[in-house]
Amino acid sequence: MRTVVTVATLASALALTLGALPAHAQSTLDAVKSKGFVQCGVNTGLAGFSQPDSKGEWKGLDVDVCRAVAAAVFGDATKVRYTPLTAQQRFTALQSGEIDILSRNTTWTLSRDTSLGLNFAGVDYYDGQGFMVPKKLNVKSAKQLNGATICVQPGTTTELNLADYFRANNMKFKPVVIEKLEEVTNAFFSGRCDVYTTDVSGLVSTRGTRAPNPADYVILPEVISKEPLGPVVRHGDDQWFDIVKWSLFAMIDAEEMGLRSDNIDQHMGSKNPGIQRFVGESGDLGKMLGLDPKWSYNIVKQVGNYGESFDRNLKPLGFERGLNALWTKGGLMYAPPMR
Amino acid sequence: MQASLRDARFRALVFQLVALAAVIAAGVYLVSNTATNLEARNIASGFGFLQREAGFAIGETTLIQYSPADTYLRALAVGLANTFRVALLGIVLATIVGTLVGLARLSTNWLVSRLATLYVEVLRNVPLLVQLFFWYAIISENLPSPRAALNPLPGVFLSNRGIALPTLVYEIAHAWVLGAFLVGVLLAWRVSVWARRRQARTGAQFHAFWTGLGLVLGLPLLAFLLAGAPAQLELPALAGFNFSGGATLTPEFAALLAGLTIYTAAFIAEIVRAGVLAVQRGQFEAADALGLRRGLAMRLVVLPQALRVIVPPLTSQYLNLTKNSSLAVAIGYPDIVSIANTAINQTGQAIEGIAIIMAVYLTISLSISAFMNWYNKRIALVER
Numbered sequence: 001m002r003t004v005v006t007v008a009t010l011a012s013a014l015a016l017t018l019g020a021l022p023a024h025a026q027s028t029l030d031a032v033k034s035k036g037f038v039q040c041g042v043n044t045g046l047a048g049f050s051q052p053d054s055k056g057e058w059k060g061l062d063v064d065v066c067r068a069v070a071a072a073v074f075g076d077a078t079k080v081r082y083t084p085l086t087a088q089q090r091f092t093a094l095q096s097g098e099i100d101i102l103s104r105n106t107t108w109t110l111s112r113d114t115s116l117g118l119n120f121a122g123v124d125y126y127d128g129q130g131f132m133v134p135k136k137l138n139v140k141s142a143k144q145l146n147g148a149t150i151c152v153q154p155g156t157t158t159e160l161n162l163a164d165y166f167r168a169n170n171m172k173f174k175p176v177v178i179e180k181l182e183e184v185t186n187a188f189f190s191g192r193c194d195v196y197t198t199d200v201s202g203l204v205s206t207r208g209t210r211a212p213n214p215a216d217y218v219i220l221p222e223v224i225s226k227e228p229l230g231p232v233v234r235h236g237d238d239q240w241f242d243i244v245k246w247s248l249f250a251m252i253d254a255e256e257m258g259l260r261s262d263n264i265d266q267h268m269g270s271k272n273p274g275i276q277r278f279v280g281e282s283g284d285l286g287k288m289l290g291l292d293p294k295w296s297y298n299i300v301k302q303v304g305n306y307g308e309s310f311d312r313n314l315k316p317l318g319f320e321r322g323l324n325a326l327w328t329k330g331g332l333m334y335a336p337p338m339r
Numbered sequence: 001m002q003a004s005l006r007d008a009r010f011r012a013l014v015f016q017l018v019a020l021a022a023v024i025a026a027g028v029y030l031v032s033n034t035a036t037n038l039e040a041r042n043i044a045s046g047f048g049f050l051q052r053e054a055g056f057a058i059g060e061t062t063l064i065q066y067s068p069a070d071t072y073l074r075a076l077a078v079g080l081a082n083t084f085r086v087a088l089l090g091i092v093l094a095t096i097v098g099t100l101v102g103l104a105r106l107s108t109n110w111l112v113s114r115l116a117t118l119y120v121e122v123l124r125n126v127p128l129l130v131q132l133f134f135w136y137a138i139i140s141e142n143l144p145s146p147r148a149a150l151n152p153l154p155g156v157f158l159s160n161r162g163i164a165l166p167t168l169v170y171e172i173a174h175a176w177v178l179g180a181f182l183v184g185v186l187l188a189w190r191v192s193v194w195a196r197r198r199q200a201r202t203g204a205q206f207h208a209f210w211t212g213l214g215l216v217l218g219l220p221l222l223a224f225l226l227a228g229a230p231a232q233l234e235l236p237a238l239a240g241f242n243f244s245g246g247a248t249l250t251p252e253f254a255a256l257l258a259g260l261t262i263y264t265a266a267f268i269a270e271i272v273r274a275g276v277l278a279v280q281r282g283q284f285e286a287a288d289a290l291g292l293r294r295g296l297a298m299r300l301v302v303l304p305q306a307l308r309v310i311v312p313p314l315t316s317q318y319l320n321l322t323k324n325s326s327l328a329v330a331i332g333y334p335d336i337v338s339i340a341n342t343a344i345n346q347t348g349q350a351i352e353g354i355a356i357i358m359a360v361y362l363t364i365s366l367s368i369s370a371f372m373n374w375y376n377k378r379i380a381l382v383e384r
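Line order of the protein sequences matches chains Z and L.
Once you know that position 196 of the first sequence is 196 in the working numbering, the rest is easy, because the numbers rise by one and skip nothing.
Once you know that position 140 of the second sequence is 140 in the working numbering, the rest is easy, because the numbers rise by one and skip nothing.
Note that these hints are calculated values from the structure, not bench results.
The C-beta atom is built at its ideal place from N, Cα and C for all residues, glycine as well.
Treat each hint with caution, since some may be false.
Under 10 Å between C-beta atoms, here's a sample of chain Z residues computed to sit facing chain L [to be verified]: (1) Gln89; (2) Phe91; (3) Ile150; (4) Leu160; (5) Gly283.
Simulated coverage check for chain L against chain Z, where a stretch passes if three residues somewhere in it have a Cβ under 8 Å from a Cβ of chain Z [to be verified]: (6) 243-256; (7) 302-312.
No more than 30 Å apart at the CA atoms, straight line, and that leaves these computed lysine-lysine pairs for DSS-like [as the list claims (entries may be wrong)]: (8) Z:Lys55 - Z:Lys226; (9) Z:Lys55 - Z:Lys33; (10) Z:Lys59 - Z:Lys226; (11) Z:Lys174 - L:Lys323; (12) Z:Lys180 - L:Lys377; (13) Z:Lys79 - Z:Lys59.
Generate the whole structure from the sequences, applying the supplied hints.
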């Protein structure tokens, strides 16, 4: 009988210990430092934002945000590992802790910011949703799309805006919903759909890199939504949230101050107090974030400022700065002061 | 009973209780830990989202009306209906194709049996996902655009938007025809029961099959003619971007149905072949000796014995086909998994969404399995 009691006690003790284990809460910064790299969720392949080049190195504006965070944390922009994610996988990957940052042309909306348990750490590209059609259909406006078959990726704001737009304009459409970017664009270019819809940046990038002949396709003039795209982190770790947010802001502030990867070394020892703070020669901005004093210097030196990243990744594909110009030049890129 | 571990029965009971407690404790831990973490990260939970407006459109809404203004619950119901549609049709077609191929492999005709062997060996050894992409590519890349659609039969159009077919415009007379059909089925069944009893009693045979066929086909035809043969066809016509009017089989549905049918049929063919081979030669010879003709010998002697071998593995093929229909996601057919995935992404409630998918497949699978077990029991060897 004694044995029975012992076994029962052990079993219940085990159950109690398991049940009482707290939700483990190591800070993301500590976890990232101890593993030695930033795990970054990116698009499976959207030219200009995140796509591996011929050498297998990830390139793009969204990728540069990841590299900036790595430069801030480690002083080495190469300490990033990438997880290519579809639109449907991205939030679960972030929520479950599989990735540290989601930088995958993701639209900031209220419901994502709240009920998904996420925080948007700023905007790295101001976008809007558009429509692309083959030229031979002779369509001039989105208002003429009644009855069209439309290719769209599931689990996106695009899918919802599309339905809203057609409801608002009392038109009908047939969606063809395919998860993988490659498959959905194939379906469009093979003629399965009349229209492909996504953010205008995605349309430009897809037309430029995947169309059999880019001149055969037009992007309609209507932009039907606001799509502020930005990096996302998990809710509940404010320090990590701050680091990602200010890594992006540092890129934008650097452009405003005229600091570039090729000239920042000449600004060391500058008399300008703003630049002194930026390069870590005065003040303790780095310490406030829990980072090295040279964190923002490293970002600019290794990744470049926002404008450099834009020119390197998006300009060759035919993107205009437009809304994404600095606020001083009529755009929306505006970062809070670094002081 | 003495409460001691030396008592084998008591010991067994204790170990079972301990095991049960451990399983329950693990379950409680998983649930409470998940709830705590969701709470801590401020992630919404619960099934309240099912009543919210879905806001996204669905491409195929044949059986259930749906618009983006409807709820997530309705969107999921549409997905479920689409899963049922492709799975049921797939099961019926795969059984027919599989049986034919299986019998073809047993054929004494060299060419027929080799072709059937080739079919089985190629199709069951290529992954289903690859086959689905293959069929989808064939349909969407090779067929022309709607404006240049193929028109093999009047009113039938083949294009990369799918197959547009004419439909019958519904009239009240059609309900009478359907009613007559059901009455015909009922009567045919009664006739066959009566004929079997009479044959058992008196030995006199009755052409129950032909009488039944006459009833099942003749009564609806009679009703149709009496109602004045109302058959107004709605023909698909090119309007704007696409065909409107009539019915359309989308490329996604066609590719998925073709893939599931052809792939599963290869397995069913082997099951059918094995079932027939399992019936001993002596049974054929005995039937022959009794003077039964070939067809009758097959129907009365061989098939009932073969079915006993066929049904259990056939059940698992039906389950496989139903579960494989979730590969629909890859080619954009809006089945339950595709819709639930979208819902998960729009609401962020992954755990609830996955739970719904699991519950759906579990229910479907257990239902198929219960039905097939019942059928298996019916045809099992009755020992007297």
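These are the hints, each one checked on the structure:
no., hint, result
1, Gln89, "holds, 9 Å"
2, Phe91, "holds, 6 Å"
3, Ile150, "holds, 9 Å"
4, Leu160, "holds, 5 Å"
5, Gly283, "violated, 33 Å"
6, 243-256, "holds (count 3)"
7, 302-312, "violated (count 0)"
8, Z:Lys55 - Z:Lys226, "violated, 35 Å"
9, Z:Lys55 - Z:Lys33, "holds, 27 Å"
10, Z:Lys59 - Z:Lys226, "holds, 25 Å"
11, Z:Lys174 - L:Lys323, "holds, 26 Å"
12, Z:Lys180 - L:Lys377, "violated, 45 Å"
13, Z:Lys79 - Z:Lys59, "holds, 14 Å"
The structure is inconsistent with the numbered hints 5, 7, 8, 12, although it conforms to all the rest.
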